[in-house]
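Could you build the full structure based on these sequences and the hints that come with them?
Chain by chain, the residues run as shown.
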Amino acid sequence: MTTSRSRRWFLGLGTAWSAALVACRSKSAPPAAEPRALGVAVSPYGSRSRFERAARYVNTNTKVPLEEAVSRTPLHDTYGIITPSSLHFERHHSGVPDIDPATHTLTIHGLVDRPLVFTVDELKRLPSVSRIYFLECSGNGLTEWRGGEPDAQRIHGLTSCSEWTGVPVALLLRECAVRADATWMLAEGADACKMTRSIPMTKALDDALVAYGQNGEPLRPEQGYPMRLLLPGWEGNANVKWLRRIKVMDQPAMSREETSKYTDLMPDGTARQFTFIMEPKSLITRPSGGDRLAGAGMYEVTGLAWSGRGTIARVEITIDGGATWTPAELQAPVLPRAHTRFRWSWNWDGRDALIASRCTDDTGYTQPLLADLIKVRGVNSMYHNNGIQMWKVAADGTITNGNHA
Amino acid sequence: MATMRSVAIALWAVAHGFSPAIGVAQSPTYGVGRAPTPLELKAIDIEVTPDGKGLVPGRGTAAAGKDVYARRCETCHGPTGKEGPQDALAGGQGSLSSSTPQKTVGSYWPYATTLWDYINRAMPFDHPSTLTADEVYATTAYVLFLNGLVGERDVIDEKTLPQVKMPNRNGFTSDPRPDVKTAMKKRQPEP
Chain A
1 MTTSRSRRWF LGLGTAWSAA LVACRSKSAP PAAEPRALGV AVSPYGSRSR
51 FERAARYVNT NTKVPLEEAV SRTPLHDTYG IITPSSLHFE RHHSGVPDID
101 PATHTLTIHG LVDRPLVFTV DELKRLPSVS RIYFLECSGN GLTEWRGGEP
151 DAQRIHGLTS CSEWTGVPVA LLLRECAVRA DATWMLAEGA DACKMTRSIP
201 MTKALDDALV AYGQNGEPLR PEQGYPMRLL LPGWEGNANV KWLRRIKVMD
251 QPAMSREETS KYTDLMPDGT ARQFTFIMEP KSLITRPSGG DRLAGAGMYE
301 VTGLAWSGRG TIARVEITID GGATWTPAEL QAPVLPRAHT RFRWSWNWDG
351 RDALIASRCT DDTGYTQPLL ADLIKVRGVN SMYHNNGIQM WKVAADGTIT
401 NGNHA
Chain B
406 MATMRSVAIA LWAVAHGFSP AIGVAQSPTY GVGRAPTPLE LKAIDIEVTP
456 DGKGLVPGRG TAAAGKDVYA RRCETCHGPT GKEGPQDALA GGQGSLSSST
506 PQKTVGSYWP YATTLWDYIN RAMPFDHPST LTADEVYATT AYVLFLNGLV
556 GERDVIDEKT LPQVKMPNRN GFTSDPRPDV KTAMKKRQPE P
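Chains A and B, in that order, are what the protein sequence lines are. Counted the way the numbering used here counts, the first sequence spans residues 1 to 405. Counted the way the numbering used here counts, the second sequence spans residues 406 to 596.
Warning: the hint list may mix true and false statements.
In silico BS3-like links for lysine-lysine, alpha-carbon gap of 27 Å or less [unchecked claim]:
#, chain 1, residue 1, chain 2, residue 2
1, A, Lys375, B, Lys586
2, B, Lys487, A, Lys261
3, B, Lys458, B, Lys570
4, B, Lys458, A, Lys63
5, A, Lys392, B, Lys586
6, A, Lys203, A, Lys63
7, B, Lys586, A, Lys203
8, B, Lys487, B, Lys570
None of these hints come from the bench; they were simulated from the model.
Here it is as structure tokens:
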């Protein structure tokens with residue numbers, strides 16, 4: 001399967017513009033006919049135009065079973081900050097379960113004075129909140145340690161951003177009368193592998209949600225229908241989908257995912273554990289790898305920035321491989337732990353360029369160069385690569401991955 | 406009046422920005438949901454922690470596990486746990502600081518209990534939760550045996566499994582991030 005994104009966006013724009021110019025010049029061309037046929041009638045559930053092709057990228061050339069594979073969001077072909085639910089990235093560990101919400105329940109037990117079982121309908125009776133948060137797999141960009149893949153989708157498509165609706169975990173824990181000696185909670189899914197992660201109680205009582213809504217409708221099955229854990233700014237894997245159980249504990253369970261998988265191996269052979277936060281990161285999504293600029297001139301440079309620690313304060317652009325940086329414009333709303341859209345107008349002189357964005361969040365942290373990350377962490381840590389993404393623009397307008405250029 | 410007092414404490418806690426959840430026994434605010442039955446809890450309360458809590462009665466040896474492994478595991482993990490095509494289970498000890506680290510049960514996993522928990526909840530990949538407790542113990546024993554961590558006839562059960570010394574038990578550190586600083590040029594003062 002190949003990506004269906006429009007790799008020739010800029011060329012395409014150029015072609016359309018040329019066609020328009022030709023049309024203006026050609027006095028003999030007949031005007032487009034007025035529509036004379038009826039359109040399609042109203043329908044109960046909408047779908048996109050048959051002319052649109054943006055799709056998640058699935059690498060089928062792998063020994064990994066597709067039930068525990070990933071599909072990646074076409075960042076290059078999305079606008080604004082919200083990812084359509086249908087294009088939200090996927091990472092499953094044993095496939096998407098087919099869950100009937102009439103029979104699904106969430107059990108909260110362990111170090112609580114009042115263990116409780118909630119049905120989906122009961123959960124929806126409780127006070128809810130809606131918040132816009134990104135969700136990023138900590139393996140996003142892992143190809144780039146040794147680099148790399150050709151385009152934004154294949155490198156960085158394991159991040160998406162949605163409006164999530166649900167009940168604060170703190171409210172549920174209060175309702176269960178959580179005990180003072182509680183320090184961790186185990187979150188467990190109802191998928192085939194009963195995917196399990198331990199979450200510190202501080203996060204659970206801070207901003208964690210049990211979410212049942214995504215972008216105004218129920219969660220998609222791929223995103224945990226009928227309910228999932230949502231930990232704003234924390235690595236995707238810990239946001240347990242198809243949530244069936246929360247057990248309040250005084251220690252982490254040391255599950256397979258939090259010991260053998262989502263730990264970051266350092267050059268000295270030790271590994272960092274419970275590396276939950278997704279650090280500030282950004283990339284230019286247009287123009288990016290796979291695009292071809294139509295010639296020297298003005299181009300809008302746009303992309304996304306986000307921080308698991310807070311709010312994006314600044315995004316800067318370089319066109320000389322990081323020697324100099326210029327501020328980009330941030331598009332409101334700029335929300336904590338959400339994708340933030342940035343824009344910058346570039347008057348390309350038609351010569352080789354190495355372009356990139358870097359972001360700084362309201363804690364003062366600035367996204368580092370990939371080389372600086374590698375100096376500290378080596379190339380075998382797999383997870384949490386938030387290094388600057390360089391795109392190499394050649395004089396003929398073609399754009400390729402410039403991370404190791 | 407105890408209830409009145411706890412309500413007062415809870416109100417005070419809320420007013421002063423403390424979560425009333427901690428350390429204050431309170432009545433439910435919403436009264437939604439019901440208590441789980443012991444049977445319901447038993448069915449899903451399956452995790453096993455490093456101290457062995459959660460392990461169910463049963464036993465197994467690597468000798469017994471060899472047969473289970475051949476029938477249920479070998480297709481994905483290879484005859485000796487090293488060949489794949491899926492995750493390597495054995496080998497790799499001493500490789501973690503090399504340029505080609507191999508993360509296996511023997512080289513990387515810090516707790517033997519995690520292996521039991523994962524086989525019990527998630528394996529075999531396409532038929533999870535179909536092994537008996539004894540089969541889980543035996544398969545666990547066999548994978549540990551493939552890594553030279555237990556003997557072929559050692560009995561692995563609720564008591565012995567948490568005692569198995571894993572080579573990488575002390576190989577993990579806490580999160581030190583932010584660990585990479587970006588040297589910023591001094592910003593020009595705004596005109």
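Structure-based check of all given hints:
1. Of the supplied pair hints, the one linking A:Lys375 and B:Lys586 holds, its CA atoms being roughly 11 Å apart against a limit of 27 Å.
2. About 17 Å separates the Cα atoms of B:Lys487 and A:Lys261, which keeps this hinted pair within 27 Å; it holds.
3. Straight-line distance between C-alpha atoms of B:Lys458 and B:Lys570 comes to about 17 Å, which keeps the hinted pair within the 27 Å bound.
4. Proximity of B:Lys458 to A:Lys63 is assessed by CA-CA distance (about 35 Å); at most 27 Å being required, the pair is judged violated.
5. Restraint check for A:Lys392 and B:Lys586: the C-alpha separation of about 25 Å stays at or below 27 Å, so the hint holds.
6. Taking the CA atoms of A:Lys203 and A:Lys63, the gap is near 36 Å; set against the 27 Å cutoff, the hint is violated.
7. Pair hint B:Lys586 plus A:Lys203 holds up; C-alpha atoms about 25 Å apart against a cutoff of 27 Å.
8. The suggested pairing of B:Lys487 with B:Lys570 holds, with an alpha-carbon distance near 21 Å, which does not exceed 27 Å.
Of the numbered hints given earlier, the model fails hints 4, 6; all others are met.
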